[in-house]
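Novice: Can you build the whole structure from these sequences, using the hints too?
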Amino acid sequence: MIQMTNVSKKYMKQSALKDISLSLPIGKIIGIVGENGSGKSTLLRLISGLSLPTSGSVTVNGERANRRISKVVSYLSEVGSFYHIYTVKEAMDFQASQFTDFNMAKADEIMKFMQLEPDMKIKNLSKGNRGRLKIMLTLAREVPYLLMDEPFSGLDPMVRESIVRGMISYVDLESQTLIMTCHETTEIESLLDSFIAIKEGSLLRMADVEELHELEGLSITGWMKKNYV
Amino acid sequence: MRAWAALLKKDFKLTRTVFFVGLVINLLMVMLTIYLGTIAGNTLLMFIPLVVAVVFHALYVPIIVFISLRIEVNQLHLWLHNPQPASTLLISKIVNGLIMIVISLLMLYVMSGLLVIPKFNLFEAYWADTWISALIIFPHIIMISTAIGVWVLFLWALFQFVKNTIGRWSWLVVIGAVIIPPWASALFESTNLYRLVTRWGNITYDFPTFSIDPLQTYAGEYLYNFIIIIGVFFLTAWIMDNKVEV
Chain G
0 MIQMTNVSKK
10 YMKQSALKDI
20 SLSLPIGKII
30 GIVGENGSGK
40 STLLRLISGL
50 SLPTSGSVTV
60 NGERANRRIS
70 KVVSYLSEVG
80 SFYHIYTVKE
90 AMDFQASQFT
100 DFNMAKADEI
110 MKFMQLEPDM
120 KIKNLSKGNR
130 GRLKIMLTLA
140 REVPYLLMDE
150 PFSGLDPMVR
160 ESIVRGMISY
170 VDLESQTLIM
180 TCHETTEIES
190 LLDSFIAIKE
200 GSLLRMADVE
210 ELHELEGLSI
220 TGWMKKNYV
Chain F
0 MRAWAALLKK
10 DFKLTRTVFF
20 VGLVINLLMV
30 MLTIYLGTIA
40 GNTLLMFIPL
50 VVAVVFHALY
60 VPIIVFISLR
70 IEVNQLHLWL
80 HNPQPASTLL
90 ISKIVNGLIM
100 IVISLLMLYV
110 MSGLLVIPKF
120 NLFEAYWADT
130 WISALIIFPH
140 IIMISTAIGV
150 WVLFLWALFQ
160 FVKNTIGRWS
170 WLVVIGAVII
180 PPWASALFES
190 TNLYRLVTRW
200 GNITYDFPTF
210 SIDPLQTYAG
220 EYLYNFIIII
230 GVFFLTAWIM
240 DNKVEV
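Protein chains in written order, with numbering that gives the first Met the number 0: chain G, 0 to 228; chain F, 0 to 245.
Hint data in this document are derived by calculation from the structure and do not stem from the laboratory.
Bear in mind the structure is a predicted one, so any value in this text is a computation, not a measurement.
Virtual Cβ for every residue (Gly too), placed ideally from N, Cα, C.
Hints are not guaranteed to be accurate.
Restricting the straight-line Cα-Cα distance to at most 25 angstroms, the calculated cross-link-like pairs of lysine-lysine (BS3-like) are [as the list claims (entries may be wrong)]:
#1 F/Lys12 with G/Lys88
#2 G/Lys88 with F/Lys242
#3 G/Lys70 with F/Lys242
#4 G/Lys27 with G/Lys198
#5 G/Lys88 with G/Lys126
#6 G/Lys120 with F/Lys242
Residues of chain G clear of chain F, computed beta-carbon distances all greater than 10 angstroms [stated by the list, open to error]:
#7 Leu21
#8 Ser54
#9 Gln97
#10 Ala104
#11 Lys111
#12 Ser152
#13 Arg159
#14 Ile162
#15 Val163
#16 Ile167
#17 Asp171
#18 Arg204
#19 Leu214
#20 Lys225
#21 Asn226
#22 Tyr227
Specialist: In structure tokens form, the structure reads like this:
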């Protein structure tokens with residue numbers, strides 16, 4: 000269980016998140032939605048322990064989230080790629096050396112699905128392929144929480160849908176929760192169990208997608224248009 | 000151990016270009032020495048480039064550590080999103096620098112040896128002191144370089160910590176951290192307490208043929224500096240584990 004209690008985050012005087020409280024259980028695919036700069040990435044970084052709250056607390060499985068919470072959290076950052084000194088295979092080996100939960104067989108399978116070659120040098124990969132590599136390295140870990148910040152940015156729109164669907168098939172919903180941010184909500188809406196809507200750093204809503212469909216007859220995008228514009 | 004070995008290998012790969020450039024610079028210094036030998040004739044002055052190269056190795060580990068950190072900062076989430084304690088991540092960078100400095104210094108020493116053999120007549124009178132001083136300088140350069148390397152780690156971690164809280168004034172904090180510890184240390188070293196805790200295990204470095212006074216030091220001073228560096232290292236690791244953010 001991920002528990003955020005009255006979490007606020009400020010960067011100097013600028014407020015990124017305000018008084019967020021929520022609980023995220025195992026076995027869900029959760030989308031974080033909101034405008035640019037609303038605090039989606041900050042929320043993920045706080046859960047990953049790579050950012051620390053200015054006030055409030057973030058715990059993952061009862062443990063305060065700091066950078067070493069990475070033992071139970073796999074995090075994909077929106078920025079950067081992997082170390083350019085490596086080939087795809089070397090990057091997999093490096094991950095396997097650092098994370099005992101890194102499943103090499105699963106990584107191999109995802110690598111093939113992503114149409115990456117083990118001998119490809121990361122510095123020579125296209126932006127799209129670097130994105131695929133990051134997804135592969137994040138998904139191949141057998142941890143309770145997978146956090147992905149804009150995992151599809153840079154991917155070719157023509158293959159994006161198949162990658163999104165394929166990617167989800169590698170998440171074990173018996174034991175894992177996937178939390179991701181995505182600009183193109185329509186592309187992932189059918190996969191999501193729940194969504195967290197952030198507006199100007201505040202939690203606007205957290206709800207099940209099905210509930211939104213049934214009770215309000217709205218898609219996430221429709222609901223966002225109503226509440227953000 | 001597998002995790003740490005992989006970190007060390009990564010750190011080597013990140014900085015290997017600088018390492019190989021360093022070896023080329025060593026080679027250039029040797030060539031300069033040979034050239035000076037041809038124009039200056041048979042004087043000890045020809046060995047000045049080699050001495051300068053050895054002394055400059057005091058900055059070797061800090062440079063390697065700094066370059067490694069510069070590369071990491073471009074993808075800080077990759078480095079920090081790791082279950083290993085920060086001390087493990089940091090010691091890998093120091094050991095990488097240590098391996099490189101030892102290889103680089105050994106290369107210089109071997110090449111110096113090869114250059115000294117044909118000019119042995121220049122050293123004959125003070126040969127014993129020359130090679131003993133060279134032996135003593137070797138570990139001291141490594142110790143000084145490692146100590147500065149640890150301070151670079153500390154200053155970097157401090158900067159990463161304060162930049163999110165005070166922004167552009169972070170540099171002032173770093174400059175303060177560069178100035179204040181040596182000043183405080185110099186103050187403490189002038190006290191009787193310092194003399195009491197460090198003045199044991201007398202070591203004298205005596206080079207009679209060099210016409211200089213014997214150099215006096217203490218095992219206690221080595222231990223004192225070692226404890227300070229270990230303290231700074233673990234403070235850095237604590238800052239990284241608990242304060243540095245992406």
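Novice: None of the hints should be skipped; say for each whether it holds.
Specialist: Hint by hint, here is what the structure shows:
no., hint, result
1, F/Lys12 with G/Lys88, "holds, 15 angstroms"
2, G/Lys88 with F/Lys242, "violated, 33 angstroms"
3, G/Lys70 with F/Lys242, "holds, 18 angstroms"
4, G/Lys27 with G/Lys198, "holds, 22 angstroms"
5, G/Lys88 with G/Lys126, "holds, 18 angstroms"
6, G/Lys120 with F/Lys242, "violated, 34 angstroms"
7, Leu21, "holds, 21 angstroms"
8, Ser54, "holds, 14 angstroms"
9, Gln97, "violated, 5 angstroms"
10, Ala104, "holds, 18 angstroms"
11, Lys111, "holds, 24 angstroms"
12, Ser152, "holds, 15 angstroms"
13, Arg159, "holds, 23 angstroms"
14, Ile162, "holds, 22 angstroms"
15, Val163, "holds, 23 angstroms"
16, Ile167, "holds, 22 angstroms"
17, Asp171, "holds, 20 angstroms"
18, Arg204, "holds, 27 angstroms"
19, Leu214, "holds, 38 angstroms"
20, Lys225, "holds, 34 angstroms"
21, Asn226, "holds, 30 angstroms"
22, Tyr227, "holds, 27 angstroms"
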